[in-house]
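A.B. asks: Assemble the complex: chain A is given as a structure, and chain B with the ligands must be docked to it using the hints.
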Amino acid sequence: MPLALLKYGLRNDYPATSHFSESADLKDHYDVVIIGAGGHGAAIAYYLARYHGISNIALLDKGYLGGGNTARNTAVIRSNYLTEEGVRFYRESVQLFRGLSNELGYNIMMEDRGQLTLAHSDAAIRSFRWRAEVNRRLGVRSELIDRQSIRELVPNLRVTDDSRFPILAGLWHADGATARHDAVVWGYARGACQRGVELHQLTEVQSVEVTDGAVKSVLTNRGRVGCGCVVQAVAGMSSVVARLAGIRLPIHTFPLQAMVTQPYKPVLTPLVSSPHLHVYVQQTSRGEFVLGGGSDPYALYNTRSTLEQKESLASAILELFPFLSQAKVLRQWAGITDMTPDYSPIMGLSSVKNYYLDAGWGTWGFKATPICGKTMASLVATGRVPELIRPFELERFYRFEQVNEAGATAASH
Amino acid sequence: MLLISCPFCGERAETEFSYGGEAGISRPPDPDALDDAAWADYLFMRKNPRGQHLELWNHAQGCRRWFEVERDTVTYTIKASRALQTDSGDKG
Ligand SMILES: Cc1cc2nc3c(=O)[nH]c(=O)nc-3n(C[C@H](O)[C@H](O)[C@H](O)COP(=O)(O)OP(=O)(O)OC[C@H]3O[C@@H](n4cnc5c(N)ncnc54)[C@H](O)[C@@H]3O)c2cc1C
Ligand SMILES: [Zn+2]
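Chains as they are written, first to last, in my numbering: chain A, 1 to 413; chain B, 1 to 92.
To be clear, the hints were calculated from the coordinates, so they are not data collected in a lab. Keep in mind that the hints are not guaranteed to be accurate.
Derived coverage of chain B by chain A (criterion: at least 3 residues anywhere in the stretch with Cβ under 8 Å from a Cβ of chain A; other residues may be distant) [to be verified]:
(1) 18-29
(2) 36-46
(3) 72-80
Okay, derived cross-link-like pairs now, DSSO-like style, lysine-lysine, Cα gap no bigger than 30 Å in a straight line [to be verified]:
(4) K353/A <-> K27/A
(5) K62/A <-> K310/A
(6) K62/A <-> K47/B
(7) K353/A <-> K328/A
(8) K62/A <-> K27/A
(9) K353/A <-> K47/B
(10) K265/A <-> K328/A
(11) K216/A <-> K310/A
(12) K62/A <-> K216/A
(13) K310/A <-> K47/B
(14) K216/A <-> K27/A
(15) K62/A <-> K353/A
(16) K79/B <-> K216/A
(17) K47/B <-> K328/A
(18) K265/A <-> K310/A
Owing to the predicted nature of the structure, the values given are computational and were not obtained by experimental measurement. For each residue, glycine too, the CB sits at the ideal point set by N, CA and C.
Same shape as in the complex, but just chain A (with noise of 0.2 Å):
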């Protein structure tokens, strides 16, 4: 590797190859079209195209690859969740995600970091039980630690008496991990690519044109495409695209916002995650803390920073690691995010033939990438709803069958 790194610096003509084919014209017809080119929808066009021999795709984005919720994410990636539902589906995809470099001869630098969930009540001590409990027994490992292993794992962390809301317990989940979101997008779109599959930015779907209850073609800026079947994979503007459609979904669309302090040295190796103080951080690779939190009041489709937000991430993260106070923030940002109300995604059919749709990720869908890509890839491919994703169907929600992933999911992505 370093000689070779030599070679390209030496050289006149720099033999790095594009990631991306050109962008083309459009053609008349695909075989599928998916709508959002972020990590979802180019890791499903990736396993069509690898796995099913199906290549004759347009994966078609608005702005630009993984320019949405994709760049933007905190790249938090567990499975401790509190249902078997959940739990089975996102151990598949940290088990993907380990395997995903390899898969992609392409570097996602995925870090082993475990994850540190704190608990300030009894009431939060009593759902880590039950939450470890759920998780060892499908073999995703999660215990119930004490304040003294707290601060083995964590020293600069403040477990102390004299605080407003004292650390009485956690849950360790040495499954957590983080990667670089953008390499997981960039990655799954060059295999697509390389195998035939067509990227377009800058094309956005307008309409969507429905004949007889099946999908029949979209009209983009670019003109009309014909298509087999559609793939809906567009994040906080699920409702807006359902509804070209004419499906209606259970969604409120939330901004989400985080920020970045300046770097420092390796200082924190674990996730911790606060959902009592709605805070949760990680340090990068490159020193930096990133800092997340729960998401804005009221519904917006506006990824504008509020500093009511950005002042209850500073003040609560003070209260865990008061040596941050001297820190300055770097950056900060929002992306718009798909909520559905028990905090699991909408994953296969829907009321229109031939279109699917992959929505509902919130804001916690980026662990889900690989999983997702794989299981819709199959979906769309064979037209069988794989068991892993029935459960999130949009039909739970007319069954009264609900995945309550709520408890699990607040402040810890």
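C.D. replies: Just chain B with the ligands now, kept in the frame of chain A:
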């Protein structure tokens, strides 16, 4: 920071209020007459528009009353706010 006008107290800072989601959804007068689909529609399905939204707010740290706001979900602009119209449909 939004300034929200409570119809009862006047203009106050956003932090005094709590958001209540889409307005204009009333509980079906006779739930037993509904099938599962209609009941699920009432419970879960929402417009979630990008643009003008008619929504409920509660003046949680003031008079604690609910009212209706017309707000743009892209620009933040509040066009109108008013007391809830009393619903005469439900005769109990
Ligand atoms: C601040 C923040 C922190 C987060 N932290 C985490 C975390 O730690 N862990 C985790 O698992 N998840 C996290 N999430 C959630 C996660 O980012 C998302 O669930 C995930 O990225 C969704 O991926 P996607 O590919 O579906 O969406 P996106 O990456 O948003 O891609 C959707 C694409 O659709 C395009 N699009 C929209 N409308 C149209 C149209 N009409 N025509 C064409 N294209 C269109 C958009 O331009 C966009 O590029 C976080 C989110 C935010 C905002
Ligand atoms: Zn009032």
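A.B. asks: Each hint should be assessed against the structure and marked as holding or not.
C.D. replies: Results for each hint:
Closer than 8 Å: that is the beta-carbon criterion, and the segment 18-29 of chain B has 3 residues meeting it against chain A, so the requirement of 3 holds. Counting residues of the segment 36-46 of chain B whose CB falls under 8 Å from any CB of chain A gives 8; the rule of at least 3 is met. Note: the segment 72-80 of chain B has 4 residues with beta-carbon separation from chain A under 8 Å; the three-residue rule is met and the coverage holds. With a C-alpha separation of about 22 Å, the suggested pair K353/A and K27/A falls inside the 30 Å cut-off, and the hint holds.
A threshold of 30 Å between alpha carbons decides the hint, and for K62/A with K310/A the separation of about 29 Å falls inside it, so the pair holds. Our distance criterion of 30 Å between C-alpha atoms is met by K62/A and K47/B, whose separation comes to about 22 Å. With a C-alpha separation of about 52 Å, the suggested pairing of K353/A with K328/A is violated against the 30 Å cut-off. For the suggested pair K62/A and K27/A, the alpha carbons sit about 17 Å apart, so the restraint of at most 30 Å is met.
Between K353/A and K47/B the CA atoms are separated by roughly 22 Å; this keeps the pair inside 30 Å, and the hint holds. With a C-alpha separation of about 15 Å, the suggested pairing of K265/A with K328/A holds against the 30 Å cut-off. Pair hint K216/A plus K310/A does not hold up; C-alpha atoms about 45 Å apart against a cutoff of 30 Å. With a C-alpha separation of about 20 Å, the suggested pairing of K62/A with K216/A holds against the 30 Å cut-off.
Only pairs whose Cα atoms come within 30 Å are accepted, and K310/A paired with K47/B is accepted, the gap being roughly 29 Å. Taking the CA atoms of K216/A and K27/A, the gap is near 14 Å; set against the 30 Å cutoff, the hint holds. Restraint check: the Cα-Cα separation between K62/A and K353/A comes to about 24 Å, which is no more than 30 Å; the hinted pair holds. Simply put, K79/B and K216/A have alpha-carbon atoms about 39 Å apart, too far for the 30 Å limit, and the pair is violated.
Restraint check for K47/B and K328/A: not satisfied, since their Cα atoms lie roughly 40 Å apart, outside the 30 Å limit. With a CA separation close to 23 Å, the supplied pair K265/A and K310/A stays within the 30 Å bound.
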